[in-house]
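Peer 1: The residues making up each chain are set out below.
There are 2 protein chains.
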Amino acid sequence: MKKIIIASTSTVHGSEYLEYIKEELFSFFENTKTIVFIPYARPGGISHDDYTATAAKAFKEMQKEVIGLHTFQDPVKAIQEADAVFTGGGNTFLLVSQLYKNGLMEVLRERVLNGLLYLGTSAGSNITGQTMQTTNDMPIIYPPSFKTLGLVPFNINPHYLDPIEGSTHMGETRETRIKEFHKFNDTVVIGLREGSWLRVDGDEIVLKGKLPARIFKAGEEAFEVPAGEQIKI
Amino acid sequence: MKKIIIASTSTVHGSEYLEYIKEELFSFFENTKTIVFIPYARPGGISHDDYTATAAKAFKEMQKEVIGLHTFQDPVKAIQEADAVFTGGGNTFLLVSQLYKNGLMEVLRERVLNGLLYLGTSAGSNITGQTMQTTNDMPIIYPPSFKTLGLVPFNINPHYLDPIEGSTHMGETRETRIKEFHKFNDTVVIGLREGSWLRVDGDEIVLKGKLPARIFKAGEEAFEVPAGEQIKI
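Here the protein sequences line up with chains D and V, keeping their order.
Numbering follows the working numbering, in which position 6 of the first sequence is assigned residue number -2; successive positions increment by one, without gaps.
Numbering follows the working numbering, in which position 166 of the second sequence is assigned residue number 158; successive positions increment by one, without gaps.
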């Protein structure tokens, strides 16, 4: 049975890395000693080592060992043998490029569908969807495809932002962008606000955190799902 | 000699489509009767016809006829024979996909380098750069390449936004995104604020409008160029 946490962000304003979701992670990783960390999204371009150190620090007090996927000679084998995987945020184009380059997309998908524990934040959540086409990131590298893990029957828009009232900026709002996506694609999009996450247990998907999520379906008005409710697509 | 206007946006807050730049356009298109409009970027997913009507309306009082490129049976021939081209904003991924699909990237580049008047706004400005990799748009469609017209020796970031002071949102600022781009690419990036445009006459590139532009070079601190100054890369 698949067991996944899809978090909008790693960090909420004014708190430490992963702190807001610590309790959930503690129970999620209860029977796990070691977590393989996928650092490929490299936020701000930091190194794989530095990024892994950040993740390791957050999990240290939970007595979990975090090992960077980049330190394995054979990353495919590392995923095949992992007990749990955490993919951190950063740039989704870079993350997806590296997953394809290392031949990891299929093996990661297969293993998570068969019960490998998976935690994603931001870009790491984006890739749990059908495609990465609702990322907010800049296309700093050209990936071989926009197709992602397809662990859930929708796409994620992490860091979902409501329109800023009174803004004079003429760039598109997040909602406008997602509506543009739906002119050309049918995949449902979940706008996950910061501090929200989806907990997936098999076919049950529950919205957790304090805020509602915004659901976008092609050709329909967007609507809100309250925290604590199941997501039914 | 190439003659290009690269505008951050079509519209500034509280004014009509292209109104803020009307005077410049009047002199730029002085000897032109007809402008071929490239509506491929389809902002908000509107139709090619509707989008062309918006552009036509703005140019009507300047006594210019605007013809949508989508109405020509042979778009390559239309570009070969055009006196002037205007590419409107919208989604850059869609625009670039359509330009490649219709075999227009090379002919448009060749003709603009040889003097075809070119006006771009937003996505239409993005494609004047070396690549579309500093767009703000959502990847709603997978283009065959991120390479664009390369009419200027840098990339454009249109609708450039300064960090919002006191923001509690954890998504990346525009500057952070451009810095990430520079971890993997060397191309200089010009952050063009709304209401700014570049006027290109041969090798001379002047920043116009009221605001400074922000210049990003890989491995260097970003800096500002004041309005009215030449851009020298």
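Watch out, some of these pointers could steer you wrong.
Just so you know, same-sequence chains aren't split out, so a pair can sit in one copy or run between any two.
What the hints assert, rightly or not - Derived DSBU-like pairs: lysine-lysine, alpha-carbon spacing no greater than 30 Å straight-line:
id : residue 1 : residue 2
1  : 209       : 52
2  : 69        : 200
3  : 139       : 200
4  : 175       : 69
5  : 93        : 200
Just so you know, the hints here were simulated from the structure itself, not pulled from any lab data.
Peer 1: For every hint, state whether the structure bears it out.
Peer 2: Going down the list of hints, with the structure as the test:
1. 209 - 52: For residue 209 and residue 52, the Cα distance exceeds 30 Å both inside one copy (40 Å) and across copies (38 Å).
2. 69 - 200: Answer is neither; intra-copy 33 Å and inter-copy 56 Å both fail.
3. 139 - 200: Answer is within: at 26 Å inside a copy they meet the 30 Å cutoff, but 41 Å across does not.
4. 175 - 69: between (40 Å within a copy, 29 Å between copies)
5. 93 - 200: neither (33 Å within a copy, 43 Å between copies)
Going through the hint list in order, the structure does not satisfy hints 1, 2 and 5.
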